[in-house]
Amino acid sequence: MESRQPVPRKASDDEKAMNTLQHSELLQLLVDSVKDYAIIMLDPRGNVISWSPTAERLKGWRHDEIIGQHFSRFYPAEDIEQGKTEMELRVATQEGRFEDEGWRVRKDGSRFWANVVITPLRDRDGRLRGFGKVTRDLTDRRNAEEKIKRQAQEIVEMAAVPVVQVWEGIVLVPLIGTLDSQRTEQLMERLLNRVTETSSPVALVDITGVPAIDTQTAQHLIEAIAAVRLLGSEVVLTGVRPSIAQTLVHLGIDLTNVTTRSSLSTGLRRALEMLELRIVSKGASSA
Amino acid sequence: MGEFAISVIKVRDTLLVTVPAEPDDSTVSALQERVLSAMERHDPKRVVLDISAVETLDSFFARTVSETARMVTLMGGRTIIVGMRPAVAITATQIGVTLGGIETALTVERALD
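Top line first, the protein sequences correspond to chains A and B. Under my numbering, think of the first position of the first sequence as 11, with each following residue one higher. Under my numbering, think of the first position of the second sequence as 65, with each following residue one higher.
For reference, chain A alone in the conformation it holds in the complex (with noise of 0.2 Å):
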């Protein structure tokens, strides 16, 4: 009986041994398992401590390859000449915890856009034992997210001038909003090119949804329509309402070198004219 009472007590300590080793192991299997997350450890001056399997699927060194290098091995060369690496570690060191997106360096020399925390070690009397740093690649999300900025950069280009051609030999330029330099720009390449392309000897500008005009706006107008002949094109300026009529007027632009109408309908009507073309109706051409 006497002899029974030490077993547990020895037991437990061994419990405790296994249940220690265990759980070390636990750990790292997690580390080395974890797909999405790239976890190493630096020593305190950077050095890389532990390493694995995921990255190296990511970074693309081997265990043998990088243990015991800098971990500036990671970060493009303009990173390190500004210091990038040391202050990461710094600002680890000092506030707990860093976190950056950026671009990050494979062994190829390939780039991969990554999500970065490097957070310090510290043992149970607070000294700093090296650094924990878990990288996650974001490519693919930061791709998606570019294409989408470029796709609404595009929606946003084509809402501000569109150019259609409403006839044969005639293309539209229907111009809503305020004209500054920049759409004014656009509008100008989009129409000499639409112009080229479809060799439409009438461009049509129609400035009815223009709010108001300004000399600038105006002389924008007159570089574009100068533009279009050197082509050998000719532009018909439609939408000119009373009070724009009047503005032009005021501000002395001349425009008397420019086919000009009121309304998008006797615009088009005298583009057909130049490219004598005529609408007749059905009741009038059998009549």
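Calculated from the structure, these hints are not laboratory results. The structure displayed is predicted, hence computed values, not measured ones. Please note that the accuracy of each hint is not assured.
Here are the simulated distance ranges between beta carbons [unchecked claim]:
no., chain 1, residue 1, chain 2, residue 2, range
1, B, G140, A, T225, 39 to 49 Å
2, B, R127, A, Q175, 31 to 41 Å
3, B, R134, A, S253, 32 to 42 Å
4, A, Q192, B, I73, 23 to 33 Å
Every residue gets a Cβ at the ideal spot worked out from N, C-alpha and C, and that includes glycine.
Following the hints, position chain B against chain A.
Using the frame of chain A, we list chain B on its own:
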């Protein structure tokens, strides 16, 4: 390049002049000489200047072309510039080149209409 880069062909009452992609100053000067001497020899009704190959236009080229056009008018012809590229037209407008009152056309075919 010089004068050999330019082609000047007389077709009936039209003088068809083709300008190379990047005309240097000597080519541009030769252009005026060749056009005016062809005017004297053939007395065409019009000069069609095809610049569809031209990718960059400088002020010297623009000035020479507009001068040549005025000279052609004085000699009894008319000048039509054909095929200016959009990018060239934008640059031209930005540097203030309007080519005066010279006629323009989208294609050689339209210039001959």
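Comparing the hints with the structure gives:
1. B:G140 <-> A:T225: 39 to 49 Å: holds, 41 Å
2. B:R127 <-> A:Q175: 31 to 41 Å: At roughly 35 Å between Cβ atoms, Q175 (chain A) and R127 (chain B) fall inside 31 to 41 Å, so the hint holds.
3. B:R134 <-> A:S253: 32 to 42 Å: holds, 40 Å
4. A:Q192 <-> B:I73: 23 to 33 Å: violated, 43 Å
Of the numbered hints given earlier, the model fails hint 4 alone.
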